[in-house]
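Protein chains: 2
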Amino acid sequence: MQLPNPERPLLLLDSNVCKDNIKRMVEKCRENSCLLRPHFKTHQSQQIGRWFSEYGVKGITVSTPAMALYFAEDGWNDITIAFPFYRGQINVIKKLQENASLRLFIHNENDLHFINNELEKPIRFYIEIDNGYHRSGISPSCRSEIEAMIDAGDKLRHVHFHGFYMHDGRTYQSRSRKGIIESIESSVEMMKEMKNLYPEANISMGDTPSASVLPSFEYLDECTAGNFVFYDWMQYKIGSCSLDDIALFHLMPVAQAFPNENRAICHGGAVHCSKDYVLDDDGSKNFGQLISLDNQNSVNILDGKLQSLSQEHGMLTVGEKSKNILMNDYVCTIPIHSCLTANLYDHYRTLNGEIIKKRILS
Amino acid sequence: MQLPNPERPLLLLDSNVCKDNIKRMVEKCRENSCLLRPHFKTHQSQQIGRWFSEYGVKGITVSTPAMALYFAEDGWNDITIAFPFYRGQINVIKKLQENASLRLFIHNENDLHFINNELEKPIRFYIEIDNGYHRSGISPSCRSEIEAMIDAGDKLRHVHFHGFYMHDGRTYQSRSRKGIIESIESSVEMMKEMKNLYPEANISMGDTPSASVLPSFEYLDECTAGNFVFYDWMQYKIGSCSLDDIALFHLMPVAQAFPNENRAICHGGAVHCSKDYVLDDDGSKNFGQLISLDNQNSVNILDGKLQSLSQEHGMLTVGEKSKNILMNDYVCTIPIHSCLTANLYDHYRTLNGEIIKKRILS
Chain V
64 MQLPNPERPL LLLDSNVCKD NIKRMVEKCR ENSCLLRPHF KTHQSQQIGR
114 WFSEYGVKGI TVSTPAMALY FAEDGWNDIT IAFPFYRGQI NVIKKLQENA
164 SLRLFIHNEN DLHFINNELE KPIRFYIEID NGYHRSGISP SCRSEIEAMI
214 DAGDKLRHVH FHGFYMHDGR TYQSRSRKGI IESIESSVEM MKEMKNLYPE
264 ANISMGDTPS ASVLPSFEYL DECTAGNFVF YDWMQYKIGS CSLDDIALFH
314 LMPVAQAFPN ENRAICHGGA VHCSKDYVLD DDGSKNFGQL ISLDNQNSVN
364 ILDGKLQSLS QEHGMLTVGE KSKNILMNDY VCTIPIHSCL TANLYDHYRT
414 LNGEIIKKRI LS
Chain R
64 MQLPNPERPL LLLDSNVCKD NIKRMVEKCR ENSCLLRPHF KTHQSQQIGR
114 WFSEYGVKGI TVSTPAMALY FAEDGWNDIT IAFPFYRGQI NVIKKLQENA
164 SLRLFIHNEN DLHFINNELE KPIRFYIEID NGYHRSGISP SCRSEIEAMI
214 DAGDKLRHVH FHGFYMHDGR TYQSRSRKGI IESIESSVEM MKEMKNLYPE
264 ANISMGDTPS ASVLPSFEYL DECTAGNFVF YDWMQYKIGS CSLDDIALFH
314 LMPVAQAFPN ENRAICHGGA VHCSKDYVLD DDGSKNFGQL ISLDNQNSVN
364 ILDGKLQSLS QEHGMLTVGE KSKNILMNDY VCTIPIHSCL TANLYDHYRT
414 LNGEIIKKRI LS
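Sequences listed follow chains V and R, in order. Residues in the first sequence are numbered from 64 upward in steps of one, following the working numbering. Residues in the second sequence are numbered from 64 upward in steps of one, following the working numbering.
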């Protein structure tokens with residue numbers, strides 16, 4: 064593949080792979096009668112959002128009211144804000160309600176009353192279930208709190224119970240398809256039990272590993288996965304995807320090569336990659352996996368990685384077989400965590416040279 | 064201090080402390096007859112740049128040609144780009160030369176000839192010296208390469224040798240003022256030796272720890288430190304500054320409090336903080352130090368920290384004495400690494416409520 068000689072680091076998007084990833088998840092959800100409300104925090108691009116729209120997706124998930132506004136401006140009017148509501152957000156929620164119907168995560172009854180008093184249009188809420196991963200949410204054992212919130216939703220004018228949401232971050236510890244399926248099992252059972260207790264509840268889950276590899280979603284009403292749009296090196300190591308499913312690549316100029324030391328300084332540091340890493344088998348950190356793309360845009364894994372990052376510098380080390388690459392003008396890596404890497408750019412460049420704009424920052 | 068109830072996370076700037084930090088470094092450099100060319104990658108703000116200008120600073124240091132353009136647009140015309148030059152940058156270098164005189168980091172003779180052929184105006188170059196920290200630069204033992212580059216600079220029409228630069232990242236491993244002074248000693252000796260060998264060379268160094276604590280800079284022609292404008296929790300732990308020198312704070316809404324578990328979920332994740340951390344004495348990671356600001360805007364360290372981050376979630380844990388703070392609408396932290404945190408925002412809010420815009424991303 065011919066790539067440009069870059070003036071700065073850039074994110075390369077294989078739009079064919081990206082569209083295939085979207086299509087596959089849409090079809091899987093459709094076959095399972097599960098509504099796909101994909102999380103758009105990964106790509107944060109109106110243009111990529113439209114690719115979902117072309118495959119029939121109607122509703123989306125975002126992290127913040129500001130991100131919801133960005134997509135509402137492009138016509139999305141069915142939006143879940145998948146982060147615990149807090150009161151400072153109320154004015155932007157009102158503004159969003161002018162054009163979109165919203166679903167919020169609410170975790171206490173007081174906030175239900177607060178919102179009911181503030182809003183003039185109806186809003187729906189999820190109760191987020193904490194499966195023990197201890198990010199946000201409520202333990203399913205807090206039955207009286209859950210009952211009280213659902214009851215309040217029945218009685219209040221503007222605020223109505225929608226269902227239960229869970230993000231099982233434990234699947235990210237897996238290292239195989241089998242591991243993912245085993246690690247999600249207890250969460251699936253937990254959600255099935257919630258559905259038995261509250262049959263009116265919509266059951267919603269969202270981690271990309273289980274959404275990618277579970278053979279069926281019959282227990283799910285909604286899927287909110289997002290990372291599958293690009294995948295990344297972490298998802299590949301987890302077992303969520305094949306190499307050919309990865310749609311996002313990081314092109315980094317080689318700024319200084321030390322071929323005798325099997326290393327180079329790339330322009331690609333923490334402000335380009337983020338500082339997320341995976342641990343390789345030998346226990347060392349990997350901040351970006353060295354690859355090459357062949358003429359068919361297939362990925363070849365090379366023996367090299369970003370072993371450390373400073374603000375602008377990426378310290379690339381390579382094995383003997385890959386040292387010729389140090390003399391190139393640039394190298395190509397797979398981002399460790401595409402959500403955090405994409406968050407640091409204002410556009411993608413497709414393999415055909417098209418610029419795809421995205422939202423910047425929060 | 065009265066703070067706003069935020070709609071989203073925000074960066075609070077104590078502009079008085081920031082201006083004091085600038086003034087102190089300007090005066091220290093002046094007393095040492097050392098030219099301060101501060102690194103502007105930390106604040107990335109034209110407005111804060113003007114505060115330096117008011118104290119008489121004429122030249123600056125940046126990381127990239129794009130960052131140089133941003134500051135050149137505000138009138139800066141004496142700019143060092145402190146990252147190894149690569150050929151993809153040549154067109155933007157030409158554009159920058161229309162309004163600014165530049166100094167680049169160049170590490171091989173071929174690039175000197177390439178630049179000489181491409182440019183129509185003179186440019187100066189540093190040879191970056193690697194003291195063994197193995198980021199970028201050339202070992203001082205590569206005498207023939209260094210000589211050849213200096214000789215080339217004497218003969219070429221547009222490209223002239225300016226001096227030696229070193230960033231000694233090893234000072235970041237220190238945990239006391241004494242430790243910083245000891246760890247910089249061998250680098251200072253190395254640079255003194257370079258000056259003896261090449262008396263025409265300007266000697267330039269830039270790490271904030273040594274710039275902050277060394278009693279004198281008599282060996283230095285130029286200082287390019289940057290982080291001192293704000294400092295941060297890492298610099299405080301290193302021993303570079305006192306608590307009262309820290310000018311940047313991170314305000315995070317509390318999204319869900321678990322007072323019985325001494326923890327809360329804050330809106331403040333990897334996309335707000337970056338994933339840089341320091342290790343606390345017990346070996347656990349600290350992604351943001353919990354503090355409070357009193358009525359005089361003095362910092363009180365509280366027994367709490369962000370112990371982990373996901374994309375949007377900050378997982379705050381607190382000791383018994385600080386658990387009341389979990390019931391507030393927001394908490395205040397000191398960023399671990401202010402350069403990376405500031406890079407994730409498009410503005411600062413001063414304690415007086417003034418909005419100070421900054422550059423976003425690269």
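Keep in mind the hints are simulated off the structure, nothing from the lab. Mixed in with the good hints, there may be bad ones.
As the list makes no split between identical chains, a pair holds if one copy fits it or if it spans any two.
[What the hints assert, rightly or not] Pairs of lysine-lysine, DSS-like flavour, derived with a Cα cap of 27 Å: (1) LYS258 / LYS158; (2) LYS348 / LYS258; (3) LYS255 / LYS421; (4) LYS82 / LYS184; (5) LYS300 / LYS348; (6) LYS384 / LYS121; (7) LYS121 / LYS241; (8) LYS420 / LYS158.
All values reported here derive from a predicted model rather than from experimental measurement.
Results of checking the hints against the structure:
Taking the closest pair of Cα atoms, LYS258 and LYS158 never come within 27 Å of each other, the shortest separation being 33 Å inside a single copy and 63 Å across copies. Taking the shortest Cα distances, LYS348 and LYS258 never come within 27 Å of each other, neither inside one copy (41 Å) nor across copies (38 Å). Taking the shortest alpha-carbon separations for LYS255 and LYS421, neither the intra-copy value of 37 Å nor the inter-copy value of 48 Å comes in at or below 27 Å. In this homomeric assembly, LYS82 and LYS184 never come within 27 Å of each other (Cα to Cα): the closest approach is 35 Å inside a single copy and 47 Å across copies.
Proximity of LYS300 and LYS348 under a CA criterion of 27 Å is satisfied in both settings, with 13 Å inside one chain copy and 24 Å between copies. In the homo-oligomer, the alpha carbons of LYS384 and LYS121 never lie at most 27 Å apart, since the shortest distance is 48 Å inside one protomer and 48 Å across protomers. Taking the closest pair of Cα atoms, LYS121 and LYS241 never come within 27 Å of each other, the shortest separation being 32 Å inside a single copy and 61 Å across copies. Taking identical chains as interchangeable, the C-alpha atoms of LYS420 and LYS158 lie at most 27 Å apart whether they share a chain (24 Å) or sit on different chains (24 Å).
The structure shown violates the earlier hints numbered 1, 2, 3, 4, 6 and 7.
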